[in-house]
Amino acid sequence: MLRSRTKLIELGKRQLCRSMCKSSELTLVEVDDKTGIATLTMNKPPVNSCNLEFLRALKSAMKEIESNKCSGIILTSSNDKVFSSGLDLNELRQPNPERLATFWKELQEMWVTLYLSNVPTAAAINGHALAVGCVMAAACEYRVMLPDFTIGIHATKFGYVVPPFIVNTYLSVLPHPVVERALLQGKIFSTQEALQINLIDEVVNSKDEALCKCADFIGSFEQTNPVARALTKRQLRAPFAKQLLEDPETELRESLEYINTPLFQESLDQYLLQLKKKNKK
Amino acid sequence: MLRSRTKLIELGKRQLCRSMCKSSELTLVEVDDKTGIATLTMNKPPVNSCNLEFLRALKSAMKEIESNKCSGIILTSSNDKVFSSGLDLNELRQPNPERLATFWKELQEMWVTLYLSNVPTAAAINGHALAVGCVMAAACEYRVMLPDFTIGIHATKFGYVVPPFIVNTYLSVLPHPVVERALLQGKIFSTQEALQINLIDEVVNSKDEALCKCADFIGSFEQTNPVARALTKRQLRAPFAKQLLEDPETELRESLEYINTPLFQESLDQYLLQLKKKNKK
Amino acid sequence: MLRSRTKLIELGKRQLCRSMCKSSELTLVEVDDKTGIATLTMNKPPVNSCNLEFLRALKSAMKEIESNKCSGIILTSSNDKVFSSGLDLNELRQPNPERLATFWKELQEMWVTLYLSNVPTAAAINGHALAVGCVMAAACEYRVMLPDFTIGIHATKFGYVVPPFIVNTYLSVLPHPVVERALLQGKIFSTQEALQINLIDEVVNSKDEALCKCADFIGSFEQTNPVARALTKRQLRAPFAKQLLEDPETELRESLEYINTPLFQESLDQYLLQLKKKNKK
Numbered sequence: 001m002l003r004s005r006t007k008l009i010e011l012g013k014r015q016l017c018r019s020m021c022k023s024s025e026l027t028l029v030e031v032d033d034k035t036g037i038a039t040l041t042m043n044k045p046p047v048n049s050c051n052l053e054f055l056r057a058l059k060s061a062m063k064e065i066e067s068n069k070c071s072g073i074i075l076t077s078s079n080d081k082v083f084s085s086g087l088d089l090n091e092l093r094q095p096n097p098e099r100l101a102t103f104w105k106e107l108q109e110m111w112v113t114l115y116l117s118n119v120p121t122a123a124a125i126n127g128h129a130l131a132v133g134c135v136m137a138a139a140c141e142y143r144v145m146l147p148d149f150t151i152g153i154h155a156t157k158f159g160y161v162v163p164p165f166i167v168n169t170y171l172s173v174l175p176h177p178v179v180e181r182a183l184l185q186g187k188i189f190s191t192q193e194a195l196q197i198n199l200i201d202e203v204v205n206s207k208d209e210a211l212c213k214c215a216d217f218i219g220s221f222e223q224t225n226p227v228a229r230a231l232t233k234r235q236l237r238a239p240f241a242k243q244l245l246e247d248p249e250t251e252l253r254e255s256l257e258y259i260n261t262p263l264f265q266e267s268l269d270q271y272l273l274q275l276k277k278k279n280k281k
Numbered sequence: 001m002l003r004s005r006t007k008l009i010e011l012g013k014r015q016l017c018r019s020m021c022k023s024s025e026l027t028l029v030e031v032d033d034k035t036g037i038a039t040l041t042m043n044k045p046p047v048n049s050c051n052l053e054f055l056r057a058l059k060s061a062m063k064e065i066e067s068n069k070c071s072g073i074i075l076t077s078s079n080d081k082v083f084s085s086g087l088d089l090n091e092l093r094q095p096n097p098e099r100l101a102t103f104w105k106e107l108q109e110m111w112v113t114l115y116l117s118n119v120p121t122a123a124a125i126n127g128h129a130l131a132v133g134c135v136m137a138a139a140c141e142y143r144v145m146l147p148d149f150t151i152g153i154h155a156t157k158f159g160y161v162v163p164p165f166i167v168n169t170y171l172s173v174l175p176h177p178v179v180e181r182a183l184l185q186g187k188i189f190s191t192q193e194a195l196q197i198n199l200i201d202e203v204v205n206s207k208d209e210a211l212c213k214c215a216d217f218i219g220s221f222e223q224t225n226p227v228a229r230a231l232t233k234r235q236l237r238a239p240f241a242k243q244l245l246e247d248p249e250t251e252l253r254e255s256l257e258y259i260n261t262p263l264f265q266e267s268l269d270q271y272l273l274q275l276k277k278k279n280k281k
Numbered sequence: 001m002l003r004s005r006t007k008l009i010e011l012g013k014r015q016l017c018r019s020m021c022k023s024s025e026l027t028l029v030e031v032d033d034k035t036g037i038a039t040l041t042m043n044k045p046p047v048n049s050c051n052l053e054f055l056r057a058l059k060s061a062m063k064e065i066e067s068n069k070c071s072g073i074i075l076t077s078s079n080d081k082v083f084s085s086g087l088d089l090n091e092l093r094q095p096n097p098e099r100l101a102t103f104w105k106e107l108q109e110m111w112v113t114l115y116l117s118n119v120p121t122a123a124a125i126n127g128h129a130l131a132v133g134c135v136m137a138a139a140c141e142y143r144v145m146l147p148d149f150t151i152g153i154h155a156t157k158f159g160y161v162v163p164p165f166i167v168n169t170y171l172s173v174l175p176h177p178v179v180e181r182a183l184l185q186g187k188i189f190s191t192q193e194a195l196q197i198n199l200i201d202e203v204v205n206s207k208d209e210a211l212c213k214c215a216d217f218i219g220s221f222e223q224t225n226p227v228a229r230a231l232t233k234r235q236l237r238a239p240f241a242k243q244l245l246e247d248p249e250t251e252l253r254e255s256l257e258y259i260n261t262p263l264f265q266e267s268l269d270q271y272l273l274q275l276k277k278k279n280k281k
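Chains as they are written, first to last, in the numbering used here: chain A, 1 to 281; chain B, 1 to 281; chain C, 1 to 281.
To be clear, the hints were calculated from the coordinates, so they are not data collected in a lab. Just so you know, these numbers come straight off a predicted model, no measurement behind them. Keep in mind that the hints are not guaranteed to be accurate.
Identical copies carry no separate label here, and so any pair may be met within one copy or between two of them.
[What the hints assert, rightly or not] Once the Cα atoms are required to be at most 16 Å apart in a straight line, the calculated EDC-like pairs of lysine to aspartate or glutamate come out as:
hint	residue 1	residue 2
1	K187	E222
2	K276	E251
3	K187	D216
4	K81	E64
5	K34	E109
6	K280	E66
7	K276	E246
8	K34	D216
9	K280	E266
10	K278	E193
11	K34	E222
12	K69	E30
13	K69	E266
14	K187	D208
15	K187	D247
16	K59	D216
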């Protein structure tokens, strides 16, 4: 506890790293001068929904952080209610073919960049983390979450069949039978439920505490060799990323095909209609 | 609780669905008019042991239920002591080669039909579930069991080496180290032990309650898109069914070869002799 | 308890099996005449660190035990503080190429022999089990450990990237996310922590009790067919040993390449320096 508090003070002194100033406004990057930990804050109003531009900004920010030899990445949100609402469904609805293809490639690349990041990654989940929002959290090595929020992949509820790399992200964190049921039900977990199934590691009461816990986690690698660590991580995770590493074109084609089916388009329309009705009430 | 009770009343009103009347006497199929849930009752006296004809009846009943657009399948038994005792060992002992091949193909097809069923599947385990009886329960998406019964795959006790698709059924439900020990020991679990390792989801005190829990589970998919659900299920389970989907002939050949070894035939004889002695006492 | 105590007495009567007398002094093999269980005691002073000769002795002892139709193997240590400290790092530091290749092949063969042993294997962990010491324990089917010791694979702490067969040994026992974090952190678990994550099955208070528990575990297979058991084990474990069974040369080449990198050699030097400083204090 004392150690955490000391760290809290240190974190208060975080400064904007000069080399990071170029980061787009969609993402904010701060680097702690002492620890070398980069905090990557998602900052796309209103709810960090992932459109083409935001995915690109996220990927760039992560690549920049890695090339700057930071000691780790903490992923969090500037919105104190929503970590990320997932993909921007407008990108999927009646899509322009070219933009959709570019969009999906950015999703693939953002995911590979995060999932196989050379440095330790931790998610400070300070709001709801839905669909790809949950996937981003699950792609990190560690997760801490604030109470009274929700997290999960509810794709079957809007007629979406998640691609293998998303299944595999869940399988990196949860046992197979738990993944099966969660994906089939489109289950959204409360913070407490997420803790029970180990979808998250810990629950804390404030964003600052969450950032501290993430910093502690990244600090746990201090005595390890970073190259050996990165190679070991790649060895463990590469099998789950195999398709996207070796044949992203096939995954792209299959995903685009499915998104363009009338089945999905109609199901998506229905879902958006329901959401509208719900919001009006 | 209240909700479950209301459902209990509804279930009391279940009627024999007309389209289902053709189901053989070895299996009984009832469909709830309101929920669309089909209850498939195994009804082969005395203990639902799977011979050629019973496997065929099970497969046909499942295919019929799926083609009738039911909302889910509950698998249960008309015997209030035994869910299923597994394969009819008479099919394996000094077998007629042709019948054995046909028998094994039916086992493969029944398993694929159940394991990859498009609709939600749930097992109301109202008695002992041994060997393939356990496999059928584990191939469902959800399991609820009555107390004071047993469940497990005890193949090593009669010299049998379970084929990969049976290993994989266990692996769909249990962690690898648990599967290894259970299969090597030929472990039969009590209801309580099965709950502890999550081989079953819940324990209830009556068959009616079990059917209600299964109906609740199937109802949990109400707000999901059934096609997306089915495709997601197939995506998760197909890797475990790969051999039977792509090359059932090889699995058939390997299984027949093993069944015909003197090692297995002698071990089976010994086991049946022991059973006889035990029953005489 | 009573049963265990009776067994304790029986174990007290263990005699050196004549056929086993040839076992080298680096390993001691005793066979219980009644149960047929072989106790393989690692006996390389000071801390059972695995150099070429010791790996060879271990492999030979295991092969000898199997060919003598023993009913199972208990792996333990003659040192009451250390089960095994892992690989002898002198074999890896500025290595002679030929000796290193021979050494690594022996490691591969010892591992395959233990991991795929036809008979039940159990580890009585009566001291620290580090790196390959932990791997040997994890390659057994059952583990019981004494309190106040440590167990784990800390390879990332001396810049080592564990090869796939070592990752797979961990994955045979622990869930994927636990393996990832443990390997990346180079985590050494206390006895109590190891119990919590199921890296070990039980904690006992003396070596004798540990040997009894292991004997009980091996006895749990009494009613199974040993051939069916061995084939089932191979079926479950062979996928994890695939590379070493089918293409040990590639694994050898990759391992030797990594060991010879300046990255690893420097990291190892640093680590050994730290150890020296620590021991001087």
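A quick look at each hint next to the structure:
1. Taking identical chains as interchangeable, the C-alpha atoms of K187 and E222 lie at most 16 Å apart only when they sit on different chains, with a minimum of 12 Å there against 36 Å within one chain.
2. In this assembly of identical chains, K276 and E251 lie within 16 Å of each other by CA distance neither inside one copy nor across copies; the values are 31 Å within and 52 Å between.
3. Taking the shortest alpha-carbon separations for K187 and D216, only the inter-copy value of 15 Å comes in at or below 16 Å, while the best intra-copy value is 30 Å.
4. For the identical chains of this complex, K81 and E64 are neighbours neither inside a copy (27 Å) nor across copies (48 Å), given an alpha-carbon limit of 16 Å.
5. When the C-alpha separation of K34 and E109 is checked against a cutoff of 16 Å, the pair qualifies neither within a copy, at 30 Å, nor between copies, at 47 Å.
6. In the homo-oligomer, the alpha carbons of K280 and E66 never lie at most 16 Å apart, since the shortest distance is 44 Å inside one protomer and 38 Å across protomers.
7. In this homomeric assembly, K276 and E246 never come within 16 Å of each other (Cα to Cα): the closest approach is 40 Å inside a single copy and 45 Å across copies.
8. For the identical chains of this complex, K34 and D216 are intra-copy neighbours only, at 13 Å inside a copy versus 54 Å across copies, given an alpha-carbon limit of 16 Å.
9. Proximity of K280 to E266 under the C-alpha cut-off of 16 Å is found in neither arrangement, the shortest distances being 21 Å within a copy and 65 Å between copies.
10. Taking CA atoms no more than 16 Å apart as the test, K278 paired with E193 passes in neither setting, with 24 Å inside one copy and 44 Å between copies.
11. When the C-alpha separation of K34 and E222 is checked against a cutoff of 16 Å, the pair qualifies only within one copy, where the shortest distance is 13 Å, while the shortest distance between copies is 52 Å.
12. Taking identical chains as interchangeable, the C-alpha atoms of K69 and E30 lie at most 16 Å apart only when both belong to the same chain, with a minimum of 13 Å there against 55 Å between chains.
13. Taking identical chains as interchangeable, the C-alpha atoms of K69 and E266 are never at most 16 Å apart, the minima being 46 Å within one chain and 20 Å between chains.
14. With identical chains, the CA atoms of K187 and D208 are never at most 16 Å apart, being 28 Å at best within one copy and 27 Å at best between copies.
15. In this homomeric assembly, K187 and D247 never come within 16 Å of each other (Cα to Cα): the closest approach is 30 Å inside a single copy and 34 Å across copies.
16. For the identical chains of this complex, K59 and D216 are neighbours neither inside a copy (24 Å) nor across copies (42 Å), given an alpha-carbon limit of 16 Å.
Of the numbered hints stated above, those contradicted by the structure are hints 2, 4, 5, 6, 7, 9, 10, 13, 14, 15 and 16, listed in ascending order.
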